[in-house]
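**Q** Top to bottom, those sequences are chains H and Z. Just so you know, the numbering used here puts 99 at position 99 of the first sequence, and the rest follows in order with no gaps. Just so you know, the numbering used here puts 722 at position 722 of the second sequence, and the rest follows in order with no gaps.
In short, the hints are calculated from the structure, not lab data. Don't take every hint at face value.
Computed beta-carbon distance windows for the label pairs [claimed, not checked]:
(1) H:Ala9 / Z:Glu624: 49 to 57 Å
(2) H:Val40 / Z:Leu182: 46 to 54 Å
(3) Z:Tyr491 / H:Gln151: 49 to 57 Å
(4) H:Gln151 / Z:Pro148: 53 to 61 Å
(5) Z:Gln86 / H:Gly7: 31 to 39 Å
(6) Z:Ala167 / H:Gly30: 35 to 43 Å
(7) Z:Gly733 / H:Ala127: 21 to 29 Å
(8) H:Ala127 / Z:Ala97: 42 to 50 Å
(9) Z:Glu624 / H:Val40: 31 to 39 Å
(10) H:Gly30 / Z:Gly479: 35 to 43 Å
If you want a taste of the chain H side facing chain Z, the calculated C-beta under 8 Å gives, among others [unchecked claim]:
(11) Gly33
(12) Ala64
(13) Gly67
(14) Cys99
No residue lacks a Cβ here, since even glycine has one placed at the ideal position from N, Cα and C.
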Amino acid sequence: MQININGKAHDLSGADPDMPLLWALRDLLGLVGAKYGCGVAQCGACTVWLDDIPVRSCQLPLGAITGREVTTIEGLAGDALHPVQEAWIAHDVAQCGYCQAGQIMSAAALLKRNPNPSLEAIEGAMAGNICRCGTYTRIVDAIQTASTRLQGLSFYEVGQEVAERQTDGGVSV
Amino acid sequence: MSAGASPGIKRRDFLRYSSFGLALSSGGITVLAAAKTAAPANSLNPYVMIHDDGRIVIAAPNPDVGQGVNTALPMIVAEELDADWQDVEIILAPIDASRYGAQFAGGSLSVRNRWDELRQMGAAAREMLLRSAAQQWGVPRVELTTQPSKVLHTPSGRTASFAELVAAATEQPVPADGEVVLKARADYRLLGQRVVNAAAADIVRGRPIFGIDVSVPDMVYATYVKCPQVGGVPKTANLDEVKALPGILDAFIIAGNAGPPIFDLRKSIHVAGGVAIVASNTWAAIKARRSLQVDWDTSAASTDDSRAIEATALSAAGRPTGERDVKRLGDPDSAFAKSSSIVSGVYATDFVSHAQLEPQSCVAHATSTEVEVWTSSQTPGFAQSTLAKLFELPAEAIAVHQIRGGGGFGRRLSNEYVREAAVISKHMGKPVKLQWMREDDMAFDFYRSPAYFGLQAALSETGELTGWRNHVVSVSSDGEEANYGAGYRGYNFPDDVVPNVHISQTMVASKTPTGAWRAPISNVYAFAEQSFLHELAEAAGKDHRDFLMAALGADKWFKPDDLASLNTVRARKAIAAVTQAAGWGRALPKGRGLGLGFFFSHAGHVAEVAEVSVNADRQVTVHEVWVAADLGQIVNLSGAENQFQGSIVDGVSALADQRISIRSGAIEQTNFHQYPLLRLPQSPKINVEFLASDYPPSGAGEPALPPVAPAICNAVFNACGERIRSLPISRAGFKVV
Chain H
1 MQININGKAH DLSGADPDMP LLWALRDLLG LVGAKYGCGV AQCGACTVWL
51 DDIPVRSCQL PLGAITGREV TTIEGLAGDA LHPVQEAWIA HDVAQCGYCQ
101 AGQIMSAAAL LKRNPNPSLE AIEGAMAGNI CRCGTYTRIV DAIQTASTRL
151 QGLSFYEVGQ EVAERQTDGG VSV
Chain Z
1 MSAGASPGIK RRDFLRYSSF GLALSSGGIT VLAAAKTAAP ANSLNPYVMI
51 HDDGRIVIAA PNPDVGQGVN TALPMIVAEE LDADWQDVEI ILAPIDASRY
101 GAQFAGGSLS VRNRWDELRQ MGAAAREMLL RSAAQQWGVP RVELTTQPSK
151 VLHTPSGRTA SFAELVAAAT EQPVPADGEV VLKARADYRL LGQRVVNAAA
201 ADIVRGRPIF GIDVSVPDMV YATYVKCPQV GGVPKTANLD EVKALPGILD
251 AFIIAGNAGP PIFDLRKSIH VAGGVAIVAS NTWAAIKARR SLQVDWDTSA
301 ASTDDSRAIE ATALSAAGRP TGERDVKRLG DPDSAFAKSS SIVSGVYATD
351 FVSHAQLEPQ SCVAHATSTE VEVWTSSQTP GFAQSTLAKL FELPAEAIAV
401 HQIRGGGGFG RRLSNEYVRE AAVISKHMGK PVKLQWMRED DMAFDFYRSP
451 AYFGLQAALS ETGELTGWRN HVVSVSSDGE EANYGAGYRG YNFPDDVVPN
501 VHISQTMVAS KTPTGAWRAP ISNVYAFAEQ SFLHELAEAA GKDHRDFLMA
551 ALGADKWFKP DDLASLNTVR ARKAIAAVTQ AAGWGRALPK GRGLGLGFFF
601 SHAGHVAEVA EVSVNADRQV TVHEVWVAAD LGQIVNLSGA ENQFQGSIVD
651 GVSALADQRI SIRSGAIEQT NFHQYPLLRL PQSPKINVEF LASDYPPSGA
701 GEPALPPVAP AICNAVFNAC GERIRSLPIS RAGFKVV
């Protein structure tokens with residue numbers, strides 16, 4: 001079984017084809033950004049992209065995704081920050097943070113297909129991701145900020161801006 | 001001797017795990033090389049270490065499970081140290097009572113308990129840097145001051161960075177408490193500002209900072225299957241069949257303790273009996289559970305039926321007084337006899353699960369002489385002491401590493417999963433990661449206890465509250481003591497304000513484990529009492545706000561020597577602020593209502609107003625919630641506000657449709673499809689106002705939760721005229737949309 005993850009091919013031939021992608025990422029490949037929350041596609045903490053569509057990796061057997069392209073939070077912008085990740089820091093969204101990689105993958109996928117989503121579109125796209133700490137207000141704010149940033153910018157400009165505005169936590173805003 | 005300094009423990013250097021590697025970035029969070037056996041060079045005290053390159057390392061002493069104390073507590077140190085926050089790097093402190101005292105996350109106490117200590121630590125370190133500069137430059141100490149991360153000699157303009165001074169500063173004697181002057185509040189640069197969560201940069205990149213992410217060399221993966229009927233133990237299991245499955249390294253029975261566990265954080269060494277399945281990866285262990293067959297001995301197990309418990313409790317609560325007296329003030333019997341009218345209401349709440357999003361997990365390595373664990377426990381100190389007791393080892397032989405937890409809400413106060421991991425590891429002779437499934441987490445929680453209140457009030461002709469009866473019906477596993485979270489709360493409003501009060505109690509048998517769930521006890525009392533006070537205002541023909549303001553009585557502290565007690569002036573200010581912000585009294589369309597709730601808990605005075613609409617299909621939309629609070633000084637404005645926003649969401653989530661039911665001792669709900677958490681589209685708009693206050697800071701994690709349910713239920717009454725006396729509101733056919 002060959003699976004492409006974050007642009008790199010991985011041979012998982014020895015693995016159980018029934019193994020959900022989530023556990024392969026976490027235990028076999030050391031990519032632990034996707035989280036286990038429920039195991040039944042109810043909470044969204046395990047959200048990754050399969051060919052740019054956000055999916056629940058806890059319900060996705062390896063055998064079903066041979067040859068497909070998977071993007072995880074680790075591959076969203078590498079060591080840089082995607083505009084959604086930047087907005088997440090600027091709005092100080094996270095409390096415990098456990099669900100946030102999944103939230104960010106859903107939000108980034110939304111903005112990729114709809115850079116200017118209405119509130120209703122945001123609610124629809126994010127309804128599958130539970131935040132037990134209740135950071136929903138800030139999630140909406142961060143998506144709207146990221147959306148503003150993304151509009152009118154070429155892909156190159158977004159990349160430039162990410163590089164320029166790369167920032168870390170611990171800053172006063 | 002500290003755990004960190006104990007000889008013999010295999011002190012794994014965290015640097016070996018790229019996952020927990022070195023400091024990642026300015027303000028980033030890493031797990032301390034707790035391993036360090038001696039105080040690191042350039043340490044000024046257990047909280048402050050300054051690198052030659054200018055990085056200022058501050059230790060975060062208490063576990064962070066999302067309440068933000070890994071940011072807030074170091075901010076207090078940084079303020080008094082006068083560190084530039086951009087230079088600060090936060091590490092998680094080792095678990096070591098000799099250096100850090102009680103390291104726990106509970107009761108919204110981290111900031112409250114650490115405030116004086118951490119200010120002193122920051123100020124003392126600053127003073128050592130100042131004295132070191134005075135000596136080096138041959139100038140009087142009084143001519144020196146600090147600017148962020150540097151010392152300044154005002155007359156000459158000479159400056160030196162903290163990093164340049166630290167080596168010599170470590171030689172300075174540590175100033176005593178009275179020797180340093182703490183900053184005036186007007187000089188704060190950091191406290192009260194909005195500061196981003198110190199873990200934010202790691203969180204958004206999905207970096208491995210949670211308990212579930214811990215990985216150590218030679219680690220194997222375990223799942224642990226317990227008896228669905230809580231307290232049952234295994235007799236036999238098809239272990240050979242399970243052991244033959246792919247990826248399975250071992251499967252074995254742990255005899256364990258029969259009977260349901262008790263929520264006793266200090267003393268419990270209970271390990272529930274069960275079957276451990278150990279595998280080369282998590283999935284292999286999960287898959288093998290499908291093939292496992294166990295014959296359980298349920299002779300000591302719970303036989304609870306939540307429907308029967310509720311029926312018994314509601315029948316008892318319908319009587320005005322219970323089996324035993326708890327409190328009598330004034331002459332309640334005569335107050336009721338003389339009253340103009342009597343209002344009664346029975347209030348009920350159900351079992352509730354914590355459902356923190358990260359299910360319990362723990363990495364443990366136990367041998368016959370030592371135990372090392374990595375855990376997101378809210379009480380890592382108790383993890384250490386109960387492991388020592390369980391394995392009959394000295395405390396020095398137990399090393400506990402604190403790891404960030406994916407939500408707590410009280411669920412991580414107990415350490416049974418830590419003990420399970422250690423027992424499995426010892427059997428395997430290897431480090432083991434024990435991973436609970438969501439289904440395990442929901443089936444084996446220490447639930448928020450159900451609570452039942454038979455309330456009665458006596459009103460005078462002019463509508464004053466003259467008498468108060470509360471018949472508290474509590475679940476109890478032994479018939480004597482109420483189970484955790486089910487008892488009488490102690491001093492309270494209105495109990496200790498109304499002139500004539502009678503509190504009584506009746507016990508109802510239940511073996512289902514209960515424990516602390518966010519704002520324990522307060523969350524159920526607030527719903528019952530603050531809803532009932534609204535009923536009284538209605539019965540008296542008075543505006544709810546005015547009635548509440550009057551019911552609070554004279555201006556006073558409830559405990560004059562305790563600044564963390566209820567103060568009626570602070571309470572009224574919060575109620576006045578929130579009703580003003582929400583436009584209390586404004587005209588609303590039919591089907592829409594505003595509702596008010598106030599509660600004092602965790603030293604916080606919190607008032608909330610909810611605006612809801614209710615349609616003909618009993619769909620409830622929570623449009624907006626306003627909250628005003630006096631928490632004392634605010635440490636991190638962004639963090640405190642986030643906690644409040646989250647508490648509102650949590651409150652709506654719990655009241656909407658969260659309910660654990662029990663049949664034959666087993667929990668009926670298994671996962672989020674049967675136990676729904678609030679989702680983004682249902683989440684209200686939230687407005688948070690912290691009142692200006694010079695009192696010392698209190699905790700923000702819990703006190704905003706209790707007023708949510710009464711504010712919303714009172715708003716539902718004002719919108720549609722129907723009184724909700726039982727939670728969740730789905731039981732009355734309401735649905736939060």
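**Q** Confirm or reject each hint.
**A** To see whether the hints hold, each was checked on the structure:
no. : hint                            : in the structure
1   : H:Ala9 / Z:Glu624: 49 to 57 Å   : 50 Å, holds
2   : H:Val40 / Z:Leu182: 46 to 54 Å  : 52 Å, holds
3   : Z:Tyr491 / H:Gln151: 49 to 57 Å : 56 Å, holds
4   : H:Gln151 / Z:Pro148: 53 to 61 Å : 37 Å, violated
5   : Z:Gln86 / H:Gly7: 31 to 39 Å    : 33 Å, holds
6   : Z:Ala167 / H:Gly30: 35 to 43 Å  : 39 Å, holds
7   : Z:Gly733 / H:Ala127: 21 to 29 Å : 23 Å, holds
8   : H:Ala127 / Z:Ala97: 42 to 50 Å  : 45 Å, holds
9   : Z:Glu624 / H:Val40: 31 to 39 Å  : 33 Å, holds
10  : H:Gly30 / Z:Gly479: 35 to 43 Å  : 52 Å, violated
11  : Gly33                           : 2 Å, holds
12  : Ala64                           : 15 Å, violated
13  : Gly67                           : 21 Å, violated
14  : Cys99                           : 5 Å, holds
Consistency with the previously given hints fails for numbers 4, 10, 12, 13, ordered from lowest to highest.
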